[in-house]
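Asks: Letter by letter, the chains look like this.
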Amino acid sequence: MSNPPQSEPSTRTFRHRSDFPFLAAMWGLGGSYVLLVLLLIIADAVRTSPRHLGEALLKPEIQAAVLLTLKTCTLSAILSLWVALPLAYLLSRQHFPGRFLIDILVDIPLVLPPLVLGLSLLMLFHLSLDGWKLESWLRASFEFPVTYHVPSIVLAQFVVTASFAIRTLRVTFDRIDPRAEDVARTLGCSRGQAFFRVCLPQAVPGMLTAFTIAWARALGEFGPILVFSGTTPFRTEVLSTAIYLELGIGHLESAIAISLLMIALAVLVLVILRCLGDWTAP
Amino acid sequence: MIELHNVTIRAGTFILQHLSCQIPDGCYAVLMGRTGTGKTTLLEAICGLRTVQAGEIHLQGKRMTQARPAEREIGYVPQDLALFPTMTVREHLEFALRVRRWPITALKRRVDELAQLLQIEHLLARRVPALSGGESQRIAIGRALSFQPSLLLLDEPLSALDEETRDQVQLLLQKMHQATGVTVLHVTHNRREAMQLADRLYLLEAGKILCPEE
Amino acid sequence: MIRPFLLLLASLIVAAGLMVSLFFSSRLKSSPSLPDLSRQGHPSTPLTVFCAASNREVMQTIARDYEREYGVRIEFQFGPSQTLLTSIEVSGEGDLYLPADESYLQLAATKKIVTKRISLARMHVVLGVPKGNPKGIHQFADLLRPDVRVVQANPDVAAVGKLTRETLTPSGKWTDLHDRTTAFVSTVTEAANSVQAGAADVSLVYDAVLTTYPDLEVCEIEEFRETFAEIQIGIVSQSAQPALARHFAKYLSASDRGLERYRELGFRPVQGAIWGGEPLP
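Protein chains in written order, with this note's numbering: chain C, 1 to 282; chain X, 1001 to 1214; chain R, 2001 to 2281.
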């Protein structure tokens, strides 16, 4: 047992540490990233001009691309949510053999290089099994062409965004106490009723986050769309591929103008979703 | 009447074997045992939230070993209460009744009845985060009793409460037991609590239930 | 607290609405534009051309001409030449393939993906510099200056790089240039873009590529006088409309039709036949 040394002056006061170095470091590190993103946007804005922006906006192909982008991103995000809810719930709640494998499988679209993903989709629809092709069958039986048509955009976006949505919702469900659902079952609920009445209401903020992440990711999707959907103006040209086409013939300013348009669009939608999130919070 | 015949439950590496006991109807049974002896596991098995590896569970004379939790008509108050974070107190009390599709008038009457019994009329519109420990405990009990189960399981209901609240809730439990006549299985490690509440005392020790006559 | 049920229902309705809207707008687009008299009541699906992004402007112009004259729509899939080739291989779709230069068509021919190949224009290897040539680059020695940043396309990946290497190796100049190159990029377009963006002072590109870069100018040097590649178009062997594809390819290579447009837009077209007003097959 040690006693404090008697030679310690009794007038010595305990010097509290200043919070300044800590906050300065946190703001410094984190803030530098925010600064970087801001600078990138400014660099783009400086390089282009309002004239280019106006020209880009007036082009009918770009207007069509904007509309198509908005529609497909929203649709992919909704579909991702519908797939992610059950899968994330099962992965979170049920312990079944092979759960680890499914976890890995779900992450694969995030790891695959985008061009490879696009080619894989292409191969899936054009793989010839004894002369039978998925693409031909869809066209013949349902008049539903996929490759190089709009459905392929939604599919290409969906493959990646669903993965993000599943990850986000998995975290959400992991944080929701399964005990409450157990009690609900003793009170008379089936598993399904417990899910809808007890678990899902708690998951609403997570669902909105998952949707937001999915939407944002769909907006930036490029590689798979380039390969699987092509870049046909007025049919499968979305904003990300429109930028590629402009760069392809060296129209840098035009490409940047469209990029800024994309950023503006993204900001608008993210703000709307954030407001929706605040409005639905308890 | 609750009967356990030679029940074996495995929870991870933990195992309870050859548990047998009988709890008569309307009895206030207290199960005592040190922490970690598997009391919660046993309650979960009786509820149907945990599968039993061997043995039989009979409730009201019916074989319930494989029955789903919803079929067992048991009110369960877990140790951490597990209240519903997004619902009001009223919605907690209504929950089991809505699932059973009770008519609105009967439902409202029952909720008022419960609120009176538990002395929580002033809390009906509140949400979970705004409740104190004692209040939460009452709501959990109310929720479990709402559909008039034949058995009420309480997992350490008084352990997390301060002394004054503990006495209040203890009194409430006695009052409620007298008023409803429901069979209670109350799990605790506190001897004084057990002595004051129990009609019958059971001990869970070394994986076995000892039922001394009382 | 909003009921999740409402959210899910709302999402279902929105999704259904979007699907309907997308379905109908695509249906509208897929009906081919109505023909003029020369169609002779020929119902045919549009021709699909897998076209390198660098040729977009000129090809779209020619396609508009062709559609006006013959009522047949040309649809394009733009992209990187190698990716386009793989797509044709995997999907089995496509009627014509127009890569950035003929080396890809050679590859395609070896794989039996294209049959006939038709030359359209010649591309010389030149130096691309900012307008006004601020660094005063006029000869090969200028490329080796320490104040000059050189960007070129990777010779193992891009045809222009390979051509450059082939041309300069015999005189031993390749190693010098290689060592002085600031960066290797993967396509000729990226090389031009680097100069456009200000990240490089000079790039080795095709003169044809520079036709769409108003801020860059061509600088020709002695070493590359005989170095050229060709823009060629190939008929895809699996095409479902080979006769129509050949018709369009012929139109494209006619000196008073397709090649005229190539000339207008700054390319160096090859010698072509006069278009005889050949009817649709």
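In short, the hints are calculated from the structure, not lab data. By construction, the Cβ of each residue, glycine as well, lies at the ideal position given by its N, Cα and C atoms. Please note that the accuracy of each hint is not assured.
Simulated restraints on C-beta separations [as the list claims (entries may be wrong)]:
| id | chain 1 | residue 1 | chain 2 | residue 2 | range |
| --- | --- | --- | --- | --- | --- |
| 1 | R | ALA2010 | C | LEU87 | 53 to 61 Å |
| 2 | R | PRO2279 | C | LEU87 | 54 to 62 Å |
| 3 | X | THR1105 | C | ILE272 | 29 to 37 Å |
| 4 | R | LYS2111 | C | CYS275 | 34 to 42 Å |
| 5 | C | CYS275 | X | ALA1054 | 37 to 45 Å |
| 6 | X | ARG1098 | C | ASP278 | 47 to 55 Å |
| 7 | R | ALA2016 | X | GLU1056 | 23 to 31 Å |
| 8 | R | GLU2222 | C | ILE263 | 41 to 49 Å |
| 9 | R | ALA2109 | C | LEU265 | 29 to 37 Å |
| 10 | X | ALA1054 | R | PHE2023 | 38 to 46 Å |
| 11 | C | LEU101 | X | THR1105 | 49 to 57 Å |
| 12 | C | ILE108 | R | GLY2276 | 54 to 62 Å |
Straight-line Cα separation of at most 27 Å, DSS-like style, residue types lysine-lysine; simulated pairs [stated by the list, open to error]:
| id | chain 1 | residue 1 | chain 2 | residue 2 |
| --- | --- | --- | --- | --- |
| 13 | X | LYS1208 | X | LYS1062 |
| 14 | R | LYS2112 | R | LYS2250 |
| 15 | C | LYS133 | R | LYS2111 |
| 16 | C | LYS133 | R | LYS2131 |
| 17 | R | LYS2250 | R | LYS2131 |
| 18 | R | LYS2173 | R | LYS2162 |
Asks: May I ask which of the numbered hints given earlier this structure violates, with the numbers listed in increasing order?
Replies: 1, 3, 4, 5, 6, 7, 9, 10, 16 and 17
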